[in-house]
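Protein chains in written order, with the working numbering: chain A, 1 to 331; chain B, 1001 to 1293.
Since the hints were derived computationally from the structure, they do not count as laboratory data.
These numbers were taken from a predicted model, which means no experiment stands behind them.
Beta carbons are placed, not taken as given, at the ideal position from N, Cα and C, and that holds for glycine.
Hints are not guaranteed to be accurate.
What the hints assert, rightly or not - Each computed EDC-like pair below joins lysine to aspartate or glutamate, with the alpha-carbon atoms no more than 16 Å apart:
hint: 1; chain 1: A; residue 1: Lys241; chain 2: B; residue 2: Asp1210
hint: 2; chain 1: B; residue 1: Lys1211; chain 2: A; residue 2: Glu209
hint: 3; chain 1: B; residue 1: Lys1212; chain 2: B; residue 2: Asp1275
hint: 4; chain 1: B; residue 1: Lys1212; chain 2: A; residue 2: Asp214
hint: 5; chain 1: B; residue 1: Lys1211; chain 2: A; residue 2: Asp237
hint: 6; chain 1: B; residue 1: Lys1014; chain 2: B; residue 2: Glu1201
hint: 7; chain 1: B; residue 1: Lys1048; chain 2: B; residue 2: Asp1089
hint: 8; chain 1: B; residue 1: Lys1261; chain 2: B; residue 2: Asp1089
hint: 9; chain 1: B; residue 1: Lys1212; chain 2: A; residue 2: Glu209
Claimed, not checked - To give a feel for the contact side, a few chain A residues facing chain B, derived at Cβ under 10 Å:
hint: 10; residue: His70
hint: 11; residue: Glu124
hint: 12; residue: Asn131
hint: 13; residue: Leu178
hint: 14; residue: Gln331
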Amino acid sequence: MELLCPAGNLPALKTAVDNGADAVYIGFKDDTNARHFAGLNFTDKKLDKAVDYIRSHNRHLHVAINTFAHPGKIERWERAVDRCADMGVDAAIISDIAVLDYATKKHPNLELHLSVQASATNVEAINFYTNNFNVSRVVLPRVLSIHQVKQLARNTDVELEVFAFGSLCIMAEGRCYLSSYLTGESPNTVGACSPAKYVRWEETDNGLESRLNDVLIDRYQEGEKAGYPTLCKGRFDVGGKVFHALEEPTSLNTLELIPELANANIAAVKIEGRQRSPAYTEQVTKVWRAAIDRYKADPGQYRVESQWNQQLDNLSEGTTTTLGAYHRDWQ
Amino acid sequence: MKYALGPILYYWPKTKVEDFYNAATNSSADVIYMGETVCSKRRELKPKDWLGLAKDIADSGKQVVISTMALLEAPSEVNVLRKYCENGDFVVEANDFGAINLLAEAKTPFVCGHALNVYNAQVLQLLVNQGMQRWVMPVELSRDWLMQLQQDCQDLKIRDKFEIEVLSHGHLPLAYSARCFTARSENRAKDDCELCCINHENGIPLFSQDKKELFTINGIQTMSGYKYNLLNDVESMRDLVDVIRVSPMGMESLEVIEQFKQSVEHNIKLDLPHDRECNGYWHQIAGLETVSL
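Build out the structure end to end from the sequences listed, making use of the hints.
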């Protein structure tokens, strides 16, 4: 089971490699990338260096081309695929069918992974992508229970990759327009959710308020820990009750599922967080490397160490973690 | 221009559904979509009930399309989908690529629903080759986006191979989750939901703490808080859009269809209540905004 870690820049990529990632995923510095944030991502020059570092350490590099091509602009997505092939990256992670089609025809030797943004949640959807394109691995959306993940694994020959740790999208990925409803910009169209340029913080008589494009997302009283106003994690009023009506600020953590995922033949566990710091990448990679190695050494004796969870909690939104949709009760 | 009634996105009692479709057969709708698209636990009508109702409506001369689920997880849900895809009588609206796989295999013509990520002409070309007859534009896309896309379709020589439909009225489905937010709002687990969404005929409004109507909770679906309304934008839909879709909210939606028809045919501008309505997406700005003409 491959440990796949995120890198938003070269220092994070090196950190991931140095701390035991089997593979690292990155994205280009443009809107072909669903983590298209200021100050992040890889220019051609940085990509060269990334490939060199990965090669010299005998690891794998995946590049995410995981937004949807705009009309009249598809060349930008096609050039991104060409660059992956030219640089000899190990896999391109793609969401748009037109881009998958191009990659399949133009670069038959380029390994293609179906991005989580394509939202393939069932065996027939997986069949659609594997029948029509060169897809050898599918990244599963974070909407499936562990039982459903196992069922899928039994019913397909394609490799499956799952999210193991990090910020939790509670909506089926690639099928959420909440961000564009409030700001005009969504992950699918511009590669950003709840973009930072729309965020405003304000001290008011009612407490500290976080707003996204002027819409009140949350309000904090003194002593409450304030979090980034990702719009699905605010407190809202439903039927006169104010609560986290969609989701609490919390992160996904599946350390305890390692044995089940390994038994289901899951090909890779993915750490979320290309927008996070190299320090985050270092800590998460270290903990997950240790956990996977412990499991491999003696599967029967595998237990999650409380120290691992503590370290991960400190890196998590709201400093708490959840099993998310993997655990049926969360749903 | 054709007019379509989208599938009912809420959970209504069986008699209400039947009354609605009885009335719909006498409405100005040319196309009627029907079937459960949100949650597989909503079984007031079972697949054979939907197909039976579909036959009755088809007899009245309307085009009937069977709409299918947007988020399919359990194998049992895929089995129901398979039944619809192999129905043999009706065109099917695919809201997941799993449906397209089955429909292409069964060589059943299909409508590509708005829940599918189709953002450019190259994808449409691929889907036309698999049997797509009509495409419903993703709700977050704009007129500008559609114009460029249509230009690309002309360049690829596929513009005359399918129709373009735009969801033009009703709460917009914005997101799909494993979690049921209706059950959560009533402090129930999803597995123990007791189908409580049947008590909310147009979903549950979700407000910001300063009382702005942000979203509408509808089971696993999160919808726009405001009603989308393109009634005063029909002029800018001419030559771009083939089918106008109204999403059913009740009997009044049948009148809305007639209003769209009047507006298109007689160029009638209506005095709209803009309060709690929006048209931002069509104008390439935040969806909840309103551009007055």
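Status of each hint after checking the structure:
1. A:Lys241 - B:Asp1210: With a Cα-Cα distance of about 13 Å, the restraint between Lys241 (chain A) and Asp1210 (chain B) holds, given a limit of 16 Å.
2. B:Lys1211 - A:Glu209: Answer holds: Lys1211 (chain B) to Glu209 (chain A) is near 14 Å, not above 16 Å.
3. B:Lys1212 - B:Asp1275: 12 Å, holds
4. B:Lys1212 - A:Asp214: The given pair, whose Cα atoms are some 11 Å apart, holds under the 16 Å limit.
5. B:Lys1211 - A:Asp237: Holds: Lys1211 (chain B) and Asp237 (chain A) sit about 8 Å apart, inside 16 Å.
6. B:Lys1014 - B:Glu1201: Given that 16 Å is the threshold and the Cα spacing comes to 12 Å, the pair holds.
7. B:Lys1048 - B:Asp1089: OK: Lys1048 (chain B) and Asp1089 (chain B) at ~13 Å, within 16 Å.
8. B:Lys1261 - B:Asp1089: The hint is violated at about 28 Å.
9. B:Lys1212 - A:Glu209: Judged against 16 Å, a Cα distance of about 15 Å means the pair holds.
10. His70: 7 Å, holds
11. Glu124: 3 Å, holds
12. Asn131: 7 Å, holds
13. Leu178: 5 Å, holds
14. Gln331: 4 Å, holds
Violation of the numbered hints given earlier is confined to hint 8; every other hint is satisfied by the structure.
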